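Chains A and B are the protein sequences, given in the same order. Read left to right, the first sequence gives residues 1 to 115 (our numbering). Read left to right, the second sequence gives residues 1 to 112 (our numbering).
Don't read these hints as lab results, they were simulated from the structure. Be aware that a few hints might be false.
Straight-line distance between alpha carbons at most 30 Å, and here's what the computed DSBU-like set of lysine-lysine pairs gives [said to hold, decoys possible]:
(1) B/K59 to B/K36
(2) B/K59 to A/K57
(3) B/K57 to A/K11
(4) B/K57 to B/K70
(5) B/K57 to A/K57
Calculated Cβ distances over 10 Å to all of chain B for the following chain A residues [said to hold, decoys possible]:
(6) T2
(7) S27
(8) H29
(9) R31
(10) N51
(11) Q54
(12) R64
(13) F65
(14) G72
(15) G85
(16) D86
(17) T115
Here the structure is a predicted model, which means the values were calculated and not measured. Where a beta carbon is used, it is the ideal one built from N, C-alpha and C, also for glycine.
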Amino acid sequence: DTGVSQDPRHKITKRGQNVTFRCDPISEHNRLYWYRQTLGQGPEFLTYFQNEAQLEKSRLLSDRFSAERPKGSFSTLEIQRTEQGDSAMYLCASSPPGIPGYEQYFGPGTRLTVT
Amino acid sequence: GQQVMQIPQYQHVQEGEDFTTYCNSSTTLSNIQWYKQRPGGHPVFLIQLVKSGEVKKQKRLTFQFGEAKKNSSLHITATQTTDVGTYFCAGTATGGSYIPTFGRGTSLIVHP
Numbered sequence: 001d002t003g004v005s006q007d008p009r010h011k012i013t014k015r016g017q018n019v020t021f022r023c024d025p026i027s028e029h030n031r032l033y034w035y036r037q038t039l040g041q042g043p044e045f046l047t048y049f050q051n052e053a054q055l056e057k058s059r060l061l062s063d064r065f066s067a068e069r070p071k072g073s074f075s076t077l078e079i080q081r082t083e084q085g086d087s088a089m090y091l092c093a094s095s096p097p098g099i100p101g102y103e104q105y106f107g108p109g110t111r112l113t114v115t
Numbered sequence: 001g002q003q004v005m006q007i008p009q010y011q012h013v014q015e016g017e018d019f020t021t022y023c024n025s026s027t028t029l030s031n032i033q034w035y036k037q038r039p040g041g042h043p044v045f046l047i048q049l050v051k052s053g054e055v056k057k058q059k060r061l062t063f064q065f066g067e068a069k070k071n072s073s074l075h076i077t078a079t080q081t082t083d084v085g086t087y088f089c090a091g092t093a094t095g096g097s098y099i100p101t102f103g104r105g106t107s108l109i110v111h112p
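If we strip away everything but chain B, and leave its shape as in the complex, we get (with noise of 0.2 Å):
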């Protein structure tokens, strides 16, 4: 079955460095989502991409879909405190799915 696979596992780092997550499916994906997880919160929906090689920004977050569309990443610029939480992506498979998987997430721990 899918898989989808992302590292690190967790990151600390001081307030104001950058901070990257990367996901990494075992199949092609139609589309990928990103999901933020606050501690004690649920899943809140941040953006989807479904274009091969697009880039999308809101604010400090920059997002890419690989090109083959079997990976994407998520850049936090200059973290925040408010950045704290646990960073999910969710891939979909080709074919017409609406199911995705979702992978273990990020924790991000942002020191001040």
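Chain A extracted, bound-state conformation (with noise of 0.2 Å):
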């Protein structure tokens, strides 16, 4: 069990740039979930994954985002047209399957700066 990666730890950027983050979840784990987390708040819901399929999406989330786990196993989030609102931790989890299965696994996250 290598635990759940991301790539890159930090990435900055210039506003209206585009980025694209990597997740590699712990690897028998179906669910596979992105969060945003800003200084002093819990982590905040973005999307989530059942195997390839994404199930929920949060209402919130601007159509600048955008994420995909096209086999099943990795994911990607990307931004385009980053703002300085973007600027936040992304973080990754996963969960194993069966029951009750609730208990997520974060990996380090991505630390995004946006200037």
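Hints are included, so try docking the two chains, each in its own frame, into the full complex.
This is the structure:
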């Protein structure tokens, strides 16, 4: 069990640029989540995959955000035309199959700074 | 929408004192999880509670899930400096969802 990994760990970009983050979940975990966290707040849900299917997406999520999990393994999160308000820590988490299966294992996160 | 509130936001204690954080949901939960996030780190899963009135212990940590499944608490006995961090609860609403709502967390500061 190598844990959840995320790449890159840090990203600095200029406003208006596109960025893409990658998440590799724990290998046997079929559920994958993306969250955004800002200072002093808990993780805010962005989107959720079960295997390769994107089952839920936050209503607060701008259409500039898109996520994929093409083969039910790794996932990518893309932000188009970044804005300064997108600066945050982007966390990926995975959960195992089975019951109850609500526990989530987080990766180290990608810290995005939009200048 | 579902809201999960945690109090207090911050707690300063002297090493050896006890600590409790409380979590309240606006809706009935199917389960609740607790996570710990060290400064500069990511959330680490501690425990999940599923049954009404459930109590679970992990060494000096005691977790409770309310009878109505709308509140929970985490109690740490005799805090140590290694307990420093932010403790989050995350509740999942009833109805088969796998999407938790996180509270804002309680930051624990332990003074040696």
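Hint check:
1. Restraint check: the Cα-Cα separation between B/K59 and B/K36 comes to about 15 Å, which is no more than 30 Å; the hinted pair holds.
2. For the proposed pair B/K59 and A/K57, the alpha carbon gap of about 37 Å is over 30 Å, so the pair is violated.
3. About 39 Å separates the Cα atoms of B/K57 and A/K11, which puts this hinted pair outside 30 Å; it is violated.
4. This hinted pair checks out: B/K57 and B/K70 have alpha carbons roughly 20 Å apart, not beyond 30 Å.
5. Between B/K57 and A/K57, the direct Cα distance comes to roughly 34 Å. Violation of the 30 Å bound is thereby established for this hinted pair.
6. For A/T2, the shortest C-beta to C-beta distance to chain B comes to about 15 Å, beyond the 10 Å cut-off, and the non-interface label holds.
7. In this structure A/S27 is separated from chain B by more than 10 Å, as the shortest Cβ-Cβ distance comes to about 17 Å.
8. Listed as a non-interface residue, A/H29 keeps its Cβ farther than 10 Å from every Cβ of chain B; the least gap is roughly 12 Å.
9. A Cβ of chain B approaches the Cβ of A/R31 within 10 Å, the least distance being about 6 Å, so the stated non-interface status is violated.
10. The beta carbon of A/N51 sits about 13 Å from the closest Cβ of chain B, which is more than 10 Å, so the claim that it is off the interface holds.
11. Residue-level check passed: A/Q54 sits 12 Å from the nearest beta carbon of chain B, beyond 10 Å.
12. Once the 10 Å rule is applied to beta carbons, A/R64 is consistent with being away from chain B; the minimum gap is 21 Å.
13. Residue placement check: A/F65 keeps its beta carbon more than 10 Å from all beta carbons of chain B (closest about 16 Å).
14. With a least beta-carbon separation of about 16 Å from chain B, A/G72 lies farther than 10 Å from that chain, consistent with its non-interface assignment.
15. With 10 Å as the threshold on Cβ separation, the claim that A/G85 sits away from chain B holds: the shortest Cβ distance comes to roughly 19 Å.
16. Look at A/D86: its CB is around 19 Å from the nearest CB on chain B, clear of 10 Å, so calling it non-interface holds up.
17. Listed as outside the interface, A/T115 is consistent with that label: its C-beta sits roughly 22 Å from the nearest C-beta of chain B, beyond the 10 Å cut-off.
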